[in-house]
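Visitor: The whole structure should be built from the sequences, with the hints applied where relevant.
Protein chains: 2
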Amino acid sequence: MSVKLAVLGHGVVGSGVVELFYKNKKNIEKRAGKEMDIKYILDLRDFPDSPYSEKFTKNFDDILNDEEVTAVAECMGGIEPAFTFVKSCLEKGKSVSTSNKELVAEKGDILLATAKKYNCNFFFEASVGGAIPIIRPLHKCLAGNDITEVSGILNGTTNFILTKMCRENMEFSKALELAQKLGYAEKDPTADIEGHDACRKICIISSLVFGKHVYPKSVYTKGISDLQLCDLEAAEVLGYSVKVIASVRKLDSGKILPAVMPMLVSEDSIIYGVNNVFNAVLVTGDGIDKVMMYGRGAGKLPTASAVIGDIVNSVQHDNNVVSQMWESAENNDFVAPVSELESRWYFRVPIYCDKVVDESYTTDNGISFVTSKKLSFSEAVKKAEELKALAYIPVME
Amino acid sequence: MSVKLAVLGHGVVGSGVVELFYKNKKNIEKRAGKEMDIKYILDLRDFPDSPYSEKFTKNFDDILNDEEVTAVAECMGGIEPAFTFVKSCLEKGKSVSTSNKELVAEKGDILLATAKKYNCNFFFEASVGGAIPIIRPLHKCLAGNDITEVSGILNGTTNFILTKMCRENMEFSKALELAQKLGYAEKDPTADIEGHDACRKICIISSLVFGKHVYPKSVYTKGISDLQLCDLEAAEVLGYSVKVIASVRKLDSGKILPAVMPMLVSEDSIIYGVNNVFNAVLVTGDGIDKVMMYGRGAGKLPTASAVIGDIVNSVQHDNNVVSQMWESAENNDFVAPVSELESRWYFRVPIYCDKVVDESYTTDNGISFVTSKKLSFSEAVKKAEELKALAYIPVME
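Just so you know, the protein sequences line up as chains A and B, in that order. Under the working numbering, the first sequence is numbered contiguously, ending at residue 419. Under the working numbering, the second sequence is numbered contiguously, ending at residue 419.
None of these hints come from the bench; they were simulated from the model. Remember, it's a predicted structure, so these values are computed and weren't measured experimentally.
Below are the DMTMM-like pairs computed for lysine to aspartate or glutamate, each with C-alpha atoms no more than 20 angstroms apart in a straight line:
1. A:LYS312 <-> B:GLU41
2. A:LYS45 <-> B:ASP308
3. A:LYS45 <-> B:ASP168
4. B:LYS56 <-> A:ASP168
Guide: Structure representation (structure tokens):
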């Protein structure tokens, strides 16, 4: 008997899941070792022209109460009704794969505990880095490591905008407009531009790697809307490119420090070459040293690929996967404040500044340089005041 | 009761497995969901000073006949006795994780069939790309894709040598000497330099992705020993870097074309930034577009990390993993000859050549240029004769 699936939501990702599943059904079944079919697609809208129109339902209970359905893809987005639907499915022993980063970042601990209790799986490879294998490598392939840091580019929209600004000297507003025109940015681009999207993703990674739920509100998050083109240009001359880096690091104190902010990336770093809408995640551990995964972090088929990868895993292993688990956290007191972040810093100071600095770059916009010593975030703020700095940005180490 | 492991071989990788396992034992057990311990280490040599000296045995039967041992790490290398030992373990239902690329490239089909028959696992993440998650992402995370091409840098030694040649204008022989001094190249460097090591790895990837065993002898393999420094310099001026690329591509004919050879990599490619001993694998599929995995492709702890990741998986899922499977192949007639390879080509022709070419680079060593049109391998050879070319190298597309 074939495994019956349901897809919740028929927007960009949900319709991609259906499309990719039927395109590669034979191969997918071979990988899963079982015959599979999509029995239901849940959406409140009508899709009379869909070749799968007979599978559509507007009633979630059709899916919940059908015992034949053992694996569900949640591609609706948002917290509700996604949370209620996913939790109910898990309570019936149906494994769920989701692309919904907001849901995982806010409610992951609860849903993982539910999946464990009912011996099924809550998978979310698609919620971070789209097509890129990240979640499974982190808890499976790298299970032998003490992972000390994960950092990367987790938002394609801002990376596209920064690439345009850096490479084509395009102003921020023009680059944003182009991103919207190409469908890379939403009409209301706030979640991308201000770093909230990347923040949710680094919360998911932090929770998975360090074992306790990290909430978005505990994470220092800074976007790109006030970046100046002249700083991007100066950074390039100094051998860096500016990227929005989402990172989490284990500190000597035992606390962890997650953060999202623009940083200077050296041309010697493999992250330097990650441009346009591409995402990348660099993992540091005591066995691996450094490993990077790179690819398309969003989009219909890339995200669908990750959802289907998860479904194949649900079908192969229907018992709960223990390595992908984290605890609830009443408070986030294991999260260090950003003031403890230590790095070298880029400063741009006024031309009339009498500070002598090596390897600086002087333009009409000021003198730009990178400190040779590391400064904590608080020290950098103090130094910026002292120097009357026009801009200051940390360097990714 | 804790899961008992055995490690076959206590050389570089085997001793790394023991070291990393005990360093991160607590975390590893948490990921696996079970207590674990190493009960035996097999080696013919004596290690009286090892903190684990009581675990050593010279008798493989101690391991084979101990029913407590359910997972085995094979880190001996070579075909025999590794093949006999691994096969015997699988026939007793003990899952095996290996770092032995020669074994997998020559005998993978037989060992996978044995594992399937006895419902245990034969894992080999460590056999390709050291620390880098490749095997599991290919058959698990990317299971929803029709994968059409896999290409990358699968040998760190040659990549190190080429980086030194490109960046520091070091002659091949000097760079090889340095690699040997740093422990990146063996005393007899043939397997690395001539491409045999990368060939074994692309055989493993080809077999896994396309489902039939591809033998090393079916794969066109060319190394770097006759590369000229002047071609690397010319390539750089033209916007390329020279890398040994191991690749496999599905052709329109349905055949696959695996090959290992030096290629020009454009500075626009993410592979361009992969330098020194680092490896990287770029996967192309219809869902993901392109995904790359990057990291250390060799070394004690990086390789041990991959072996332990596999062991954790064996412990989590003791039933056979169906997605990681390929068939035996009596012959390799599904492998296309290299003459069918199509790409643009780099040529260096004598200065007295009267050919007019755009974007060429002229030095005392000749005129270097890259064709704007794709040529098949056979066409390129013909053109090289026609032009009396001093060198010709394909471009990675």
